[in-house]
Each structure stands twice: as C-alpha cells, then as structure tokens.
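Novice: Sequence:
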Amino acid sequence: MPTSIAIADDHRLLAEALSDLIQKYDNYEVLYVAANGRDLLNRLHQGPVPDIALVDLNMPEMDGFETAVQLRQHYPAIRVLALSMTDREEHIVRMIRNGARGYLLKGCRPAELRQALDEVMAKGFYYSDFLTSQLIRSLNTPESGSSSSYFNLNGREYDFLKLACSELTYNEIADRMCVSPRTVDGYREAVFQKMGVRTRVGMVIEAVRNGLIEL
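Numbered according to full-length UniProt numbering, the sequence shown spans residues 1 to 215.
These are calculated hints, taken from the structure and not from any lab test. Incorrect hints may appear among the rest.
[Stated by the list, open to error] Pairwise CB distance ranges (calculated):
| no. | residue 1 | residue 2 | range |
| --- | --- | --- | --- |
| 1 | Met177 | Gly47 | 47 to 53 Å |
| 2 | Pro110 | Gln46 | 28 to 34 Å |
| 3 | Asn210 | Glu89 | 14 to 20 Å |
| 4 | Gln46 | Asp26 | 26 to 32 Å |
| 5 | Leu21 | Val49 | 18 to 24 Å |
| 6 | Met177 | Glu29 | 45 to 51 Å |
| 7 | Gly155 | Pro60 | 43 to 49 Å |
| 8 | Arg12 | Asn210 | 31 to 37 Å |
| 9 | Met85 | Gly124 | 24 to 30 Å |
| 10 | Met85 | Gln46 | 25 to 31 Å |
The beta-carbon is built from N, C-alpha and C at its ideal position, and this holds for glycine as well.
Make the full structure from the sequences, and use the hints.
Specialist: Here it is in structure tokens:
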C-alpha cells in the first residue's frame with residue numbers, strides 16, 4: 001500500500017502544488033489538504049488517518065505548534081513533518097518538543113522533500129545536516145532535575161548524553177569524561193539502545209523531545 005499523506009497549510013496554492021508534486025512520487029498518495037490545524041483534526045476524526053502529516057507552522061485558528069501537540073496526544077502514529085519559511089532555532093526545537101519528526105523549509109528542493117518522506121517512514125525522523133547543526137548549537141544542559149530516569153540512564157550515560165548533544169567529537173567526549181574512546185563507544189551503544197535510536201541525530205532529537213536537554 002502507498003504511504004498516505006495529509007497536508008495542513010493555509011496557503012492553498014502552495015498546498016495544492018505540494019500535493020501535485022507528492023502524487024507524482026511512487027508509493028505516495030495525498031489523502032487531503034486541510035486549511036489549518038483545526039481543519040486537519042476534523043478530517044482526521046472523520047477518517048482516514050494518514051501515515052504522515054505535513055504541517056505548516058503559521059496557520060490561522062490552530063498553528064503548527066499546537067497542531068503537533070494535538071497529533072502527538074490523539075494520533076501518535078502519525079509522523080509529523082513541519083513546513084516553514086524560517087529556520088529559526090527556537091521554532092525547530094519547539095516543534096521537536098511538540099512531537100514533530102522532521103522540519104522542512106518550504107524553499108527546499110523536490111529531491112529533499114522526497115528524501116524527507118522516505119526517511120521519516122524508514123527511520124522515524126528527518127533533519128537535514130544544516131538544521132541538525134543549528135539544533136545542536138541551540139542546546140544547553142538543564143539547570144536542575146532531568147528526565148534521564150525515563151530511559152533508565154545511569155549517571156555516566158547521562159553525562160555522555162549531555163556531552164554528545166553538543167558539537168564535540170566522540171574522542172573529545174572521551175577526553176572530557178577522562179575515559180578511553182572504547183568506553184565512550186560503550187556509553188553510546190547503551191544510550192542508543194535505551195533511547196531506541198540508531199544515530200546521534202536521533203539521540204539529540206529524543207533528548208530534546210523528552211526534556212533531557214533544554215534551551
């Protein structure tokens with residue numbers, strides 16, 4: 001069966017053009033185009049429910065931030081891809097926290113859109129190298145209590161996580177932690193397994209979404 005998609009964007013011309021483009025991709029189909037988040041929720045209530053929702057950030061009645069929260073709470077199986085004209089760090093991080101699996105700029109090339117759709121289905125998330133670097137630069141460790149117990153991380157694993165959510169290399173992390181690179185490899189494998197991720201990017205995203213790392 002083809003991967004099903006819903007689009008929520010108040011710019012009708014752009015949304016229809018996006019729909020036409022996606023319909024040309026093999027194994028993808030657009031179920032409907034909604035005018036805003038509230039319209040999308042109404043359509044979801046009536047069915048059918050798509051695999052992916054492409055959600056614009058700036059919409060009347062219900063914007064993309066609130067829409068992502070509602071989808072996470074009521075339709076957690078839907079993978080949300082944010083659509084935006086801006087690459088502002090606070091918007092990227094906020095959408096991740098609200099449940100988005102990816103963040104696309106509206107000026108991206110069609111090939112990147114196809115890559116994003118493919119990866120969010122195969123890996124569970126999509127972030128370009130450029131947006132990921134912005135996300136990592138935005139992160140600081142929380143000042144007080146964390147949610148590390150949510151993933152059953154021990155103290156050293158959490159220390160590794162905080163350092164890994166930065167621009168440090170794994171060798172530099174080993175130096176900071178006063179351990180060997182092989183020991184850091186062990187921390188990485190343990191954290192990946194406990195957090196259910198396969199890449200450093202996925203780890204950063206899950207850390208932000210679950211409040212382990214804050215702006």
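Novice: Does the structure break any of the earlier hints, and which numbers would those be?
Specialist: none
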